[in-house]
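Novice: One letter stands for each residue in the lines below.
2 protein chains.
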Amino acid sequence: MLEKVDLSKSIQKKEYDDLTGELRVRMGELQRRAWKLDIPIMVVFEGWHASGMTGIINRFLMPLNPMGFELYTTGNPCPQEEQKPLIWRFWTKIPPKGKIAIFDRSWYRRALLEHLHEGAAEEDVTKCFNGLAYFERQLADDGYLIVKFFLHISKEKQEERYEEIKKKGIPLLLVKEEENDSASKYERYLPLVERMLEKTDIQHAPWTIVESDDLNFATVKVMQTFIQSIEEKIRTIEDKRPVSELQSAQMQASRPLNSSVLKTTDMGVSLSREEYKEKKKAYLKDLESLQYELFRQGRPVILVFEGWDASGKGGSIRRLAQIMNPRLYKVIPVSAPSDTELARHYLWRFYNEIPEAGHVSIFDRSWYGRVLVERVEGLCSDQEWRRAYREINEFEEVLTNYGTLIIKFWLHIDKEEQLHRFRERETTAHKQWKITPDDWKNRDKWDMYEEAVDEMLQRTSTTYAPWTIVGSNDKFYSRVRVLQVVVETLERELKVK
Amino acid sequence: MLEKVDLSKSIQKKEYDDLTGELRVRMGELQRRAWKLDIPIMVVFEGWHASGMTGIINRFLMPLNPMGFELYTTGNPCPQEEQKPLIWRFWTKIPPKGKIAIFDRSWYRRALLEHLHEGAAEEDVTKCFNGLAYFERQLADDGYLIVKFFLHISKEKQEERYEEIKKKGIPLLLVKEEENDSASKYERYLPLVERMLEKTDIQHAPWTIVESDDLNFATVKVMQTFIQSIEEKIRTIEDKRPVSELQSAQMQASRPLNSSVLKTTDMGVSLSREEYKEKKKAYLKDLESLQYELFRQGRPVILVFEGWDASGKGGSIRRLAQIMNPRLYKVIPVSAPSDTELARHYLWRFYNEIPEAGHVSIFDRSWYGRVLVERVEGLCSDQEWRRAYREINEFEEVLTNYGTLIIKFWLHIDKEEQLHRFRERETTAHKQWKITPDDWKNRDKWDMYEEAVDEMLQRTSTTYAPWTIVGSNDKFYSRVRVLQVVVETLERELKVK
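First to last, the sequence lines map onto chains A and B.
So the number in the working numbering is just where the residue sits in the first sequence, counting from 1, plus 38.
So the number in the working numbering is just where the residue sits in the second sequence, counting from 1, plus 38.
Just chain A, with the same shape it has in the complex (with noise of 0.2 angstroms):
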């Protein structure tokens, strides 16, 4: 792929200046429109050393009013990024609706040299690139435009330029250690990057090969391959195409379900308080010394808690917590998106909270909501939650695959049970706050609810991350439960028993 490119390539200065002279002044007015209608762009420049990517991308970035674009420049991990997948690097850094993202070099270049070798075993090289592939193609579902350079350059070209910065004595800015033997690495990585290129090279974010041996040639491909895709973007926008062939395939998928796991929980259990008491207490010392072995193994932790409203899921949390090193875990609520959340894909935010290796983040209701209250209220689109499964289910894979243990609760209780805590918490002075008329109003949606619930327990229940159904109409039996389950996953996860 790459040697076949012709790199003889060249614009002289004259007519660059003519070229993009018009091209800055279209970069600008398509900056504008696509800001107005809210299309979110990422652009990724990926490319060989010293192929002037620099240069580029500031001549790139000229036209484009700062306002509206973010440029990130992408070098080695911070302890902390060193502790998290890799693509939460990236997934943190996704542009808000009709702003601009620009990376200067990405997860692509990161894969390569945190994951991948010369001679990698192709199942490594695949999972590893389907992790970036889920990205993309969950934000161009999203309505994310992704524009990706590869600036090419000839080995010849590229000895060439390391000559000239040494001559002129600039610092090399961002170089990892293993890449500065320069030497042999323009051919040691030239089948890896094949590679690349060929499996990444989809659909909705395809690569553009840019002849880099001249810096203007570059600048005016890099500059209208832009000005193409964003201009193709928005016709497709205007034209309001159909639905592809994917989208309704998993619109197809999601018909209606006709079994109900919901049903099949057992509402009848429940403990006496002295067993209650007994039991909780044997948990949580498990639990306070599993919390430091998790720690020593390094293993992240996420404890997620879906449920009917007062079905106790703070109260379980609160239990677990409490036993916990606060520099371990930390609870995360999630209500309805702030403005900033809703201006980017709905996993950003969950993104933002994932835990760092050997630690536990609690979550008092998840993403889940987009397959629950936004689905019953109509918050987003169909299309939206029906994409949605298995969203979370990559999502979820990319987790486990880094050693994330992913533990999933349902806290079930029934329609009465609720009528009963809902007529306590108004009568109980120091509880009322936590009763809304937001409440009532689920309560008459109970049906919707169990359905979508339901479908939600179906569709993602996986081997990676089941879910727990606990039925909870005994606070006592429920909260035992929970813990149980966690202490008994750890355990088993941490191979400590």
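Calculated directly from the structure, the hints in this document are not laboratory data.
It should be emphasised that the depicted structure is a prediction, and the values quoted were computed from it without experimental measurement.
Do not take every clue at face value.
Identical copies carry no separate label here, and so any pair may be met within one copy or between two of them.
Only pairs whose alpha carbons sit at most 30 angstroms apart, straight line, appear in this in silico BS3-like list of lysine-lysine [to be verified]:
id, residue 1, residue 2
1, Lys51, Lys318
2, Lys223, Lys535
3, Lys301, Lys483
4, Lys513, Lys135
5, Lys368, Lys131
6, Lys472, Lys271
7, Lys323, Lys513
8, Lys318, Lys278
9, Lys206, Lys131
10, Lys315, Lys205
11, Lys47, Lys479
12, Lys513, Lys204
Please arrange chain B on chain A, whose structure you already have, making use of the hints.
Specialist: Relative to chain A, chain B alone:
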């Protein structure tokens, strides 16, 4: 101070349970009230190693709604943090209105570990603590409640606890190497800690020494103090107390100025196109290598561009940036604050954008908006903008102490020239987006802005961050003058000439 503290106090389990039952309910209530009243709260925990801090903090957290607080555990800085002034780490973490930020160790511990040592010169200690005091006073002035705890234990208790920890096999979290040789620590740090507590026990953010040999006693004291502090703060707000003496003194200071620096600007300066091209080229060449020298020396640089609408800020910035390496500079256009920004102290958004060592942040408008547009348009209170002169000078002092170069430009055009440029924008197709009704509205208030600009230039021109007023009726002159000042300042400060 510390040595006289009676550490024998303790509370038995039964009494503890009774006491904290009530305290917990009260904490929840007060959190909700402070939330409603938009009071931002910062709680600082400092103390000896093994003072039981994590246990006390976890008990303290339990009654609080996790939706309303954020816990920050302060450990060793990551590389990015090491590239910025110490206080930056904490400025970026201040809570929005109504929320609580809790610090498990804070700027105090980091100041001790990173900047001070036994026998540090009195001057350095003072400078360091001044920086911390600015931070707290600026927040307190803005309505923040700051509650600081020092958990105090005896040397004997510390040793006893080290033994326990060892026996239980709990991994030491967040421990820096030098902290690890705990043996001689207590006595070595005692005098420095004493000095710290004395110097920073200030009216608006006093220390509470918490006797922590007994965990129950410590927890109760922490809860009670927290409750009293919020109650006191709420009383202050509800009493609508008169402006304090300190504040009225500040307002006094800000009386009308009888002189104008603006009026003395030479507006007759201009350059021919040829002179412009030639000089620009020469300065850009200098700048190109100076940026790498900056990087080598690790100096951060801030360029501030203020000026009338259409005075050429954007154009000047583009001419500067075109030669720079995009990995080393960033343009930060400042417009109306977002909701997230409005919910915090106004300097927060600017602390978020300060450059790392060796990097350049170019501000297209800046924190000076507080004393310009916010003053003139009544977007903040009188008291707030009057207070801002001191806040800004302190902000720039803190950055300068860290080694930051601050270069500030006021681009000055006269009223006729502005009219001319507005008209041109209206009639040139690709410039029309640059002119908005707001521009005409601001123009109507020219005289009020002039007064504000004059006061700003006089009150915030400091020896460490002086203003340069540039007569900008002629764009060629203006752009070259900006380049010249930047290049000459860098040469002088980097000692390359």
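Novice: A separate judgement is required for each hint: does it hold in the structure or not?
Specialist: The hints, checked one at a time:
Proximity of Lys51 to Lys318 under the C-alpha cut-off of 30 angstroms is restricted to the inter-copy arrangement: shortest distance 19 angstroms between copies versus 76 angstroms within a copy. Taking the closest pair of Cα atoms, Lys223 and Lys535 never come within 30 angstroms of each other, the shortest separation being 47 angstroms inside a single copy and 39 angstroms across copies. Within a single copy, Lys301 and Lys483 get their C-alpha atoms as close as 17 angstroms, which meets the 30 angstroms cut-off; across copies the closest is 69 angstroms, which misses it. Taking CA atoms no more than 30 angstroms apart as the test, Lys513 paired with Lys135 passes in neither setting, with 43 angstroms inside one copy and 35 angstroms between copies.
Taking the closest pair of Cα atoms, Lys368 and Lys131 come within 30 angstroms of each other both inside a single copy (22 angstroms) and across two copies (16 angstroms). Proximity of Lys472 to Lys271 under the C-alpha cut-off of 30 angstroms is restricted to the inter-copy arrangement: shortest distance 25 angstroms between copies versus 46 angstroms within a copy. For the homomeric pair Lys323 and Lys513, the shortest alpha-carbon distance inside one copy (20 angstroms) is at most 30 angstroms, but the shortest distance between copies (73 angstroms) is not. For a Cα distance limit of 30 angstroms, the shortest separation of Lys318 from Lys278 qualifies neither inside one copy, at 57 angstroms, nor across copies, at 49 angstroms.
When the C-alpha separation of Lys206 and Lys131 is checked against a cutoff of 30 angstroms, the pair qualifies neither within a copy, at 33 angstroms, nor between copies, at 41 angstroms. For the homomeric pair Lys315 and Lys205, the shortest alpha-carbon distance between copies (27 angstroms) is at most 30 angstroms, but the shortest distance inside one copy (74 angstroms) is not. For a Cα distance limit of 30 angstroms, the shortest separation of Lys47 from Lys479 qualifies neither inside one copy, at 66 angstroms, nor across copies, at 51 angstroms. In this assembly of identical chains, Lys513 and Lys204 lie within 30 angstroms of each other by CA distance neither inside one copy nor across copies; the values are 70 angstroms within and 37 angstroms between.
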